[in-house]
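Here are the chains, one letter per residue:
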Amino acid sequence: MKKRVVITGVGMIGDFGLGKEDFLNFIEGRKLKQKITEFNLDSYIDTGLLRRADQVSYFASIAAKFALEDANLLNGAEVESKHKFGVIMGTVHGALEHTIDYHKALVLDDPATVSPSLFSNSVINAAVSCISNIFKINGYTLTVPGYAGVHQAVKLATEFINNGNLDMCLVGGVDINNGFLAGAYSSCMEDNKSILNSFGGSGFLVLESLDVALRRGSRIYAEIIDIGITSVDYNKMLKHKIIPIKSVSLQNVDCVFTYAFSDKDSKMREDLLLSKINQDKTSIFNCSDLFGCTFAAAESFQVILGVIKLSGLYNRVLTSYLSLTDVNASLLLGRFSN
Amino acid sequence: MKRRVVISGIGLLTPLGRTILSHEDALKNGRTGIGLIKSFDTTRYKSCLGAEVDNSLIDKDHPIYVDRASKLALTACRDALKSAMLETSEKNGLEVQLILGTTLGGMLSGQAYHRDLLFGVDKNKHLGILRDSLACHQAPYISKKLNLIGEVLVVNNACASGLSAIGCAFNRIRTGEVNIAIAGGYDAFSDFTHAGFTSLGLVTLEKCRPFDKNRSGLVLGEGAGILILEDMTQALERGANIFAEIIGYGQTSDAYHITKPDPEARGASQAITMAIDDAGISSEEIDYVNAHGTGTIANDSMEAKALYLALGSYGAKVPVSSTKPLIGHLLGGAGAVEAAFSVIAINSSIIPENLNYQTADQECELNIVTGGSKNKELNIVLSNSFGFGGSNSTMLIRRFNKDYD
Numbered sequence: 001m002k003k004r005v006v007i008t009g010v011g012m013i014g015d016f017g018l019g020k021e022d023f024l025n026f027i028e029g030r031k032l033k034q035k036i037t038e039f040n041l042d043s044y045i046d047t048g049l050l051r052r053a054d055q056v057s058y059f060a061s062i063a064a065k066f067a068l069e070d071a072n073l074l075n076g077a078e079v080e081s082k083h084k085f086g087v088i089m090g091t092v093h094g095a096l097e098h099t100i101d102y103h104k105a106l107v108l109d110d111p112a113t114v115s116p117s118l119f120s121n122s123v124i125n126a127a128v129s130c131i132s133n134i135f136k137i138n139g140y141t142l143t144v145p146g147y148a149g150v151h152q153a154v155k156l157a158t159e160f161i162n163n164g165n166l167d168m169c170l171v172g173g174v175d176i177n178n179g180f181l182a183g184a185y186s187s188c189m190e191d192n193k194s195i196l197n198s199f200g201g202s203g204f205l206v207l208e209s210l211d212v213a214l215r216r217g218s219r220i221y222a223e224i225i226d227i228g229i230t231s232v233d234y235n236k237m238l239k240h241k242i243i244p245i246k247s248v249s250l251q252n253v254d255c256v257f258t259y260a261f262s263d264k265d266s267k268m269r270e271d272l273l274l275s276k277i278n279q280d281k282t283s284i285f286n287c288s289d290l291f292g293c294t295f296a297a298a299e300s301f302q303v304i305l306g307v308i309k310l311s312g313l314y315n316r317v318l319t320s321y322l323s324l325t326d327v328n329a330s331l332l333l334g335r336f337s338n
Numbered sequence: 001m002k003r004r005v006v007i008s009g010i011g012l013l014t015p016l017g018r019t020i021l022s023h024e025d026a027l028k029n030g031r032t033g034i035g036l037i038k039s040f041d042t043t044r045y046k047s048c049l050g051a052e053v054d055n056s057l058i059d060k061d062h063p064i065y066v067d068r069a070s071k072l073a074l075t076a077c078r079d080a081l082k083s084a085m086l087e088t089s090e091k092n093g094l095e096v097q098l099i100l101g102t103t104l105g106g107m108l109s110g111q112a113y114h115r116d117l118l119f120g121v122d123k124n125k126h127l128g129i130l131r132d133s134l135a136c137h138q139a140p141y142i143s144k145k146l147n148l149i150g151e152v153l154v155v156n157n158a159c160a161s162g163l164s165a166i167g168c169a170f171n172r173i174r175t176g177e178v179n180i181a182i183a184g185g186y187d188a189f190s191d192f193t194h195a196g197f198t199s200l201g202l203v204t205l206e207k208c209r210p211f212d213k214n215r216s217g218l219v220l221g222e223g224a225g226i227l228i229l230e231d232m233t234q235a236l237e238r239g240a241n242i243f244a245e246i247i248g249y250g251q252t253s254d255a256y257h258i259t260k261p262d263p264e265a266r267g268a269s270q271a272i273t274m275a276i277d278d279a280g281i282s283s284e285e286i287d288y289v290n291a292h293g294t295g296t297i298a299n300d301s302m303e304a305k306a307l308y309l310a311l312g313s314y315g316a317k318v319p320v321s322s323t324k325p326l327i328g329h330l331l332g333g334a335g336a337v338e339a340a341f342s343v344i345a346i347n348s349s350i351i352p353e354n355l356n357y358q359t360a361d362q363e364c365e366l367n368i369v370t371g372g373s374k375n376k377e378l379n380i381v382l383s384n385s386f387g388f389g390g391s392n393s394t395m396l397i398r399r400f401n402k403d404y405d
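Protein chains in written order, with my numbering: chain A, 1 to 338; chain B, 1 to 405.
Do not take every clue at face value.
As the list claims (entries may be wrong) - Calculated pairs, PhoX-like style, for lysine-lysine (alpha carbon to alpha carbon, straight line, at most 25 Å):
no. : chain 1 : residue 1 : chain 2 : residue 2
1   : B       : Lys144    : A       : Lys267
2   : A       : Lys84     : B       : Lys2
3   : B       : Lys402    : B       : Lys2
4   : B       : Lys260    : A       : Lys136
5   : B       : Lys207    : B       : Lys374
What the hints assert, rightly or not - Computed footprint of chain B on chain A; a stretch qualifies when at least three of its residues, placed anywhere within it, have a C-beta under 8 Å from a C-beta of chain B:
no. : stretch
6   : 226-235
7   : 293-303
Think of the hints as simulated: they come from the structure by calculation, not from any bench. Beta carbons: idealized from backbone N, C-alpha and C, even for Gly.
Generate the whole structure from the sequences, applying the supplied hints.
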């Protein structure tokens, strides 16, 4: 029998600031105390463990730390089996700054003089390795490079917990924008200004098996009911009648948090999905406007927003992420009831 | 009850060739695909050895901007589907999940873009190239080319990415999430990776000799290994040719260092133990270990320790060899190609030689296969794949017999 999976912690860092309070203030339109670029990140994490790491590793590690704190898993809280605790993270661009610096160094300098740490910290799984090393997480570690990498990470973690491979898992996403990206995406997006205006960041959640969460006396935000992911374009969606979530009628969802890229196909797929929803009784939040084009950072914030809003207001929340490369991801969250 | 998962198709594109027969021949006769690097100028590097895929073997029906990594992986995917007797066409899509592992994605495109930029070429000229360099762009391209209908998932677990992807597919089929998956790994050779591994002091200037006392490092390579994984009942019903069965999988993280493996081998041994427990077999039932065996000092002594810890005294008896002296280290492709080698070893009843091994190392007191490949009927093979950041994946593959419990 499948184990039930619940969410017991959230942590985030981004344009809005740092932690749950700043995030909620940003959502509610209140003035922020300070922006992320003004923070001294070193005061939030042991920088010795992140020596020469790329910014994405810093951001991801800090968001992961906040999520672990929120789930009461720091400060001596025991995990029953250290090999049953994992970390899975989505990202589109990974350690882009270090990758660019490494390319530059290789072209302009003698390869023999290039710092080895520049290479090792530019690989895609560097951030997950940092989190695993810092928080001594010994179970499944995976990075999911993809436009719906966070939803796919949530799906993998849920499967591993469902099957008993893991008891708990840190799941999240990270991406940081830089000047390269606006140009790189200009040919396929109708509006790429949001790339220039958004910095990005990282968000993490703690997923747990319900048994473990109850045993630990965890505060439970939400339960994962279903996750659906397809990789088909608008025409295939129409032809094959594909909707990512199958188990529950979309008519029974209280609130939908949508995110669509600003390319034509993603928007058409979003319209198609929304047409299946009873818009008279379902609230709809547009997360693309809220979080800008910050790839896995925006996707992680979208999921976290769904989790936080659900615990206060709704019974069933759907996050719907429609993106480049024909990715359609949906996560159905339910208010926890024993 | 968990479903049984079989391998019903294999696609290989490596420095040893493109067919199962060419790989079987190389494993049997110790033929290596390592040679002088041809794809870039090596005068700035101490090492000039690499294992590259012959360009004439790669399918050529691609737009000009498509990265070599996509081409390698797509070619192997097509061969895997063909060997599984599964057809796709523009008209009829195939309902299947595509789960691929890669370490570096389209790194050659990334290099080209950044170099153009540094030398003042108009960056707008190559905007698509930067996107194509991302690790999440090869699999969707392949899915579109093959007209697949289903989730496309890319996983990165450093050099264990290929086996981790197969592990994900194995879990999904076993639990009924999906009936069939195309799973494996790939990576293309680039001076970025050659320089990176060289800067870490991991690339040898001479022969790659895993587990040897005088080992001095690895040789990088490129290629793709793709398996078709399928629910056994479905495979039997459609009359598929079943190559082997996957019976267990284990995955852990060292939580030790961003590049170095844990010298105490706690994570790696735990992954092996997990796979054995998952399969419900005893250690002594393992007939051969296809080792990760990179030829680096740290990996090989760690792996030997992991085998002692997980297998007990049998760790010193079970035949062990690394096939990396034949193909180099294929990074994201390594675990998948080596899983396919394990299947070939089972079906052709050969234990491949650990090429170039000369001097025993007391830190690696294993039963290393030397003096040519050995003929032996194999029932169960353990395939290890480890990577940067302490990523450990390990899989147990068994000769197929539908009457097993």
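Checklist entry - Looking back at the numbered hints, which does the structure fail to meet, lowest number first? => result 7
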